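Taken in order, these protein sequences are the chains called A and B. Each position in the first sequence, counted from 1, maps to that position plus 24 in the numbering used here. Each position in the second sequence, counted from 1, maps to that position plus 530 in the numbering used here.
Hints were generated in silico from the structure; no laboratory data involved. Nothing here was measured: the structure is a model prediction, and the numbers come from that model. In this text, a Cβ means the ideal position worked out from N, Cα and C, and glycines have one as well. Treat the hints with care, since some could be wrong.
What the hints assert, rightly or not - With beta-carbon atoms standing in for the labels, derived distance ranges:
1) B:Glu829 with A:Asp308: 22 to 30 Å
2) A:Glu208 with B:Lys844: 33 to 41 Å
3) A:Ala246 with B:Asp856: 42 to 50 Å
4) A:Ala300 with B:Ala840: 49 to 57 Å
5) B:Ala838 with A:Ile344: 16 to 24 Å
6) B:Asp856 with A:Ile344: 31 to 39 Å
7) B:Ala836 with A:Asp224: 49 to 57 Å
8) A:Thr277 with B:Arg828: 48 to 56 Å
9) A:Thr301 with B:Asp837: 25 to 33 Å
10) A:Pro71 with B:Lys638: 35 to 43 Å
11) A:Gln297 with B:Arg828: 42 to 50 Å
12) B:Glu829 with A:Thr277: 29 to 37 Å
13) A:Ser328 with B:Ala836: 46 to 54 Å
14) A:Ala300 with B:Ala836: 37 to 45 Å
What the hints assert, rightly or not - Sample of chain A residues at the chain B side, in silico, Cβ under 8 Å:
15) Arg58
16) Ile61
17) Lys135
18) Gly204
19) Met206
20) Pro207
21) Glu208
22) Ala210
Unchecked claim - Cut-off 20 Å, straight-line C-alpha distance, at most; resulting in silico cross-link-like pairs (SDA-like, lysine to any residue):
23) A:Lys359 with B:Glu829
24) B:Lys843 with A:Asp275
25) B:Lys844 with B:Gly822
26) A:Lys125 with A:Glu115
27) A:Lys135 with B:Tyr827
28) B:Lys858 with A:Glu370
29) B:Lys550 with B:Asn567
30) A:Lys78 with B:Leu602
31) B:Lys858 with A:Ser164
32) B:Lys843 with A:Leu76
33) A:Lys371 with B:Lys550
34) A:Lys371 with B:Lys860
35) A:Lys373 with B:Glu852
36) B:Lys843 with A:His203
37) A:Lys79 with A:Asn95
38) A:Lys241 with A:Asp275
39) A:Lys359 with B:Asp845
40) A:Lys245 with A:Asn152
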Amino acid sequence: MTEKDELQKDHGVLYLGIDLGTSRTSVSASNGVRETIESFVGYPKDPVARKLLKKDVLFGAEAREKRLSLNLHRPLEHGVLKFNKDGEDSESLRAAQDLVKEIVRLARPRKDELVYAVVGVPAQASINNKDAILQAARESVDSVMLCSEPFSVAYGLDMLEDVLVIDIGAGTVDLCRMHGTMPEDADQITLTSGGDFVDDELAKEISKAYPEAQYTKQMLKAIKERHSTVEDNVERIMVDLPVKGKPTQHDITECMQNACRRMVPPIVEGLGQLIATFDPEFQDRLKNRVLLAGGGSQIRGLDSAIQAYMQETLGGGKVIRTEEPMYGGSNGALKIAHDMPEEYWEKLK
Amino acid sequence: MPDPIPSTFSRSGQSLFSVKEVRALMNIEFERAARYNYPICCLLIQIDRIAEIATYHGQEVKSLILGDLVELVRGQTRAGDLLGCMVEDRLLVVLPHTSPREVTFMLKRLLAGARQMRFGSGGRTQAITLSIGISHNQHPEARNFDVLERVAEEGVAVATASGGDRFVETELYGLHERKREGMPASGHPDYTRIAQYGGEDYRQRLIDLMSTDGSLEQAAGALAEEIIARALAETQSEQMPIPPSSIDASKEEAYRREIDNLHRRIAKLTQSLGLTEQEIARLRNLKSVDEGVASLYREVQGLNPADARAELKKDLMSAIFEANLDLKRKSG
Ligand SMILES: Nc1ncnc2c1ncn2[C@@H]1O[C@H](COP(=O)(O)OP(=O)(O)OP(=O)(O)O)[C@@H](O)[C@H]1O
């Protein structure tokens, strides 16, 4: 930042809370803007593709749709920036930088405002990764801080201490025990039974029930996002799936319930471990402060199902669902940014 | 949608002239080159298998490739001037002050450049090759621009027939007779029309002629013939003892100069229009910049001391800050 820039920026302070996820990146800003994009960054493969797309870089769903003409990146695949053996992978670092720049742009900051951002990063991000994310963010904002994503989710809901966060993403389910701001390794369990796992289970169920039915992964994911449920008494779930190329109605109610329910036992088992290894005095308190977050938490009835299973195997528990799973992380990060004292921002410029 | 392919172009960018007008300018360039004795070259450039590319990959891809080709030509030609237009998916280009020897070097670069110009579709990329016909005014039989164009056309045909990715000069200049489309082959001047205007109105007459058939070259030619006829008629009526041929020559020369000046003006106008267009495009881009949405806050907030859990939050904020400071130190 040059001195001149700083002098000009005396018209306001824009706070950003950013949630950098594997499958989605979201921002909540103190100007009321909230945006979310799929965490895809694509660069045209050749000059003709660039001309055709009229862009040097594409983001989100647009990048996914036009992937045939692009070198496509998911900068935070597996929750962390990708590194190769010689250090970071330069294109993936650039993709991360471009993604951060884009999400900042989507927040529509004014030129004359200071921009202070808190970025929630996966709890398992390494020092190298954090550094790369910071570098990426510094390009676009005046001052930036990182915090762990489960912490920002909990802070957003004013659950400041002793809370268990279940974050259901696409690739993973992250269980995190929060006491303080930065969870340590012993506070975390990562399961691979996330949203993609449910998609796979749903495919198995449908193949078993309707061997003739044809479908793609993308179709099942869309069906899941509309109809997912673990509840017993629901309206029948009727969907059109092609049979020998002809659209045919199928009742997939049981398929959906079975696939979604398979998510519950591993989660509760993980919670049990995190509770059992906690200070015995606070174990009960922890059990009753379980926070369900992430895109995958939108499965209907999942909170009650986890609670019921906890009752059965752990002898009790209470699960609270975040209101807005898509923005849970970014809303919390925004709150942290707001509460951060000025001198801290100054020192990190 | 991609930009439409520039139907005409010059060194500075897309020209605002129609194809017809650009061809007229090419004619004029040819005549000027003959008069001032400098070399010009004419190229006709065709993308090999362009019709198939359009069928399999769509018109959009075709337009893009043609647009890229124009860029490539612009980049590879080093001549000060460049005049071009699209003729049925082929690029007709005139390079003033360029000798046939110079043009061969440039064409090699152009062919190589095209081969780099891959286009992708369905995950595969394909290279592009060109068939180019060339001609120039250094051949004794290159009598007008029409001849150059047709020699270049034949060059393209030969280049394509021999497998493409090459340039060919057929040297068949002699085969093409002098031909002026739409003009009387020999002088049948329209005396009645000439009688309707005097010396000051030539300019207007030129504009009128252009508005009827659009081509500056043809209009200029027609006007020149009318002027000569008028001069002849005048001489005859005045019974001047001077031999008619010398009067023809001096008057024709004078009017020719005037027409030439008009052409220069037109060229200047094109250039300034080109600049204006660029400026408009620049301003349009500026206008679309997002002003942004103002934040709720005029100044840095910080924790509200009235917050019920201010103390705890303060500790948490400080812990986050320390962790970030640490991170900053480690990364240097
Ligand atoms: N309504 C819904 N019902 C069920 N699942 C949903 C729903 N909406 C989104 N999902 C699933 O949520 C998952 C994405 O969640 P989220 O956006 O939180 O991921 P992320 O945090 O970016 O990923 P990760 O935690 O792996 O980094 C996907 O599997 C998606 O199918």
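Hints and how they fare:
1. Taking 22 to 30 Å as the suggested C-beta distance range, the pair Glu829 (chain B) and Asp308 (chain A) does not conform, at roughly 43 Å.
2. Between Glu208 (chain A) and Lys844 (chain B), the C-beta spacing of about 22 Å breaks the proposed range 33 to 41 Å.
3. Distance hint for Ala246 (chain A) and Asp856 (chain B): a CB-CB separation of about 43 Å, consistent with the stated range 42 to 50 Å.
4. Separation of Ala300 (chain A) from Ala840 (chain B) is about 33 Å and departs from the stated range, judged on CB atoms against 49 to 57 Å.
5. As the Cβ distance of Ala838 (chain B) to Ile344 (chain A) is approximately 19 Å, the hint placing it in 16 to 24 Å holds.
6. One distance hint, 31 to 39 Å for the beta-carbon pair Asp856 (chain B) and Ile344 (chain A), holds here, with the actual separation near 32 Å.
7. In this structure the supplied range 49 to 57 Å holds for Ala836 (chain B) paired with Asp224 (chain A), their Cβ-Cβ distance being about 50 Å.
8. Between Thr277 (chain A) and Arg828 (chain B) the beta carbons are some 54 Å apart, a value that agrees with the proposed interval 48 to 56 Å.
9. For Thr301 (chain A) and Asp837 (chain B), the hinted distance range of 25 to 33 Å is satisfied, since their beta carbons lie about 32 Å from each other.
10. For Pro71 (chain A) and Lys638 (chain B), the Cβ-Cβ distance of about 21 Å falls outside the hinted range of 35 to 43 Å, so the restraint is violated.
11. A beta carbon spacing of about 48 Å between Gln297 (chain A) and Arg828 (chain B) agrees with the range 42 to 50 Å that was offered as a hint.
12. In this structure the hint that Glu829 (chain B) and Thr277 (chain A) lie 29 to 37 Å apart at CB is violated, the actual value being about 55 Å.
13. At roughly 36 Å, the beta carbons of Ser328 (chain A) and Ala836 (chain B) sit outside the given window of 46 to 54 Å.
14. At roughly 39 Å, the beta-carbon separation of Ala300 (chain A) and Ala836 (chain B) lies within the given 37 to 45 Å, and the hint holds.
15. Hint status for Arg58 (chain A): violated, given a least beta-carbon distance of 11 Å to chain B, over 8 Å.
16. Residue-level restraint check for Ile61 (chain A) is violated (minimum Cβ-Cβ distance to chain B is 16 Å; threshold 8 Å).
17. At a threshold of 8 Å, the smallest CB-CB gap from Lys135 (chain A) to chain B is about 7 Å, leaving the interface hint in force.
18. Hint status for Gly204 (chain A) relative to chain B: holds, with the closest Cβ pair at about 6 Å, below 8 Å.
19. Annotation: interface hint on Met206 (chain A) holds; nearest CB of chain B at approximately 6 Å, less than 8 Å.
20. Checking Pro207 (chain A) against chain B: minimum C-beta separation of about 12 Å lies over 8 Å; hint violated.
21. The restraint placing Glu208 (chain A) at the interface with chain B is violated, with a minimum CB-CB distance near 12 Å, outside the 8 Å limit.
22. With a least beta-carbon distance of about 17 Å to chain B, the hint placing Ala210 (chain A) at the interface is violated under the 8 Å criterion.
23. Between Lys359 (chain A) and Glu829 (chain B) the alpha-carbon distance is near 15 Å, which keeps this suggested pair within the 20 Å criterion.
24. Distance restraint check for Lys843 (chain B) and Asp275 (chain A): the Cα-Cα separation of roughly 50 Å exceeds the 20 Å cut-off, and the hinted pair is therefore not satisfied.
25. Between the alpha carbons of Lys844 (chain B) and Gly822 (chain B) the distance comes to roughly 31 Å, so the proposed pair goes past 20 Å and is violated.
26. The straight-line distance between the Cα atoms of Lys125 (chain A) and Glu115 (chain A) is roughly 15 Å, inside the 20 Å bound, and the hint therefore holds.
27. A C-alpha spacing of about 15 Å is found between Lys135 (chain A) and Tyr827 (chain B), which places the hinted pair at or below 20 Å, so the restraint holds.
28. Annotation: proposed proximity of Lys858 (chain B) to Glu370 (chain A) holds, straight-line Cα distance about 13 Å (limit 20 Å).
29. Straight-line distance between C-alpha atoms of Lys550 (chain B) and Asn567 (chain B) comes to about 25 Å, which puts the hinted pair past the 20 Å bound.
30. Proximity of Lys78 (chain A) to Leu602 (chain B) is assessed by CA-CA distance (about 18 Å); at most 20 Å being required, the pair is judged to hold.
31. Restraint check: the Cα-Cα separation between Lys858 (chain B) and Ser164 (chain A) comes to about 17 Å, which is no more than 20 Å; the hinted pair holds.
32. Simply put, Lys843 (chain B) and Leu76 (chain A) have alpha-carbon atoms about 51 Å apart, too far for the 20 Å limit, and the pair is violated.
33. Of the supplied pair hints, the one linking Lys371 (chain A) and Lys550 (chain B) is violated, its CA atoms being roughly 67 Å apart against a limit of 20 Å.
34. For the proposed pair Lys371 (chain A) and Lys860 (chain B), the alpha carbon gap of about 15 Å is at most 20 Å, so the pair holds.
35. Between the alpha carbons of Lys373 (chain A) and Glu852 (chain B) the distance comes to roughly 14 Å, so the proposed pair stays at or under 20 Å and holds.
36. Simply put, Lys843 (chain B) and His203 (chain A) have alpha-carbon atoms about 13 Å apart, close enough for the 20 Å limit, and the pair holds.
37. Of the pairs offered as hints, the one joining Lys79 (chain A) and Asn95 (chain A) holds, with about 13 Å between alpha carbons and a cut-off of 20 Å not exceeded.
38. The suggested pairing of Lys241 (chain A) with Asp275 (chain A) holds, with an alpha-carbon distance near 18 Å, which does not exceed 20 Å.
39. Between Lys359 (chain A) and Asp845 (chain B) the alpha-carbon distance is near 15 Å, which keeps this suggested pair within the 20 Å criterion.
40. With a CA separation close to 33 Å, the supplied pair Lys245 (chain A) and Asn152 (chain A) exceeds the 20 Å bound.
Checked against the numbered hints listed earlier, the structure breaks hints 1, 2, 4, 10, 12, 13, 15, 16, 20, 21, 22, 24, 25, 29, 32, 33, 40; every other hint is satisfied.
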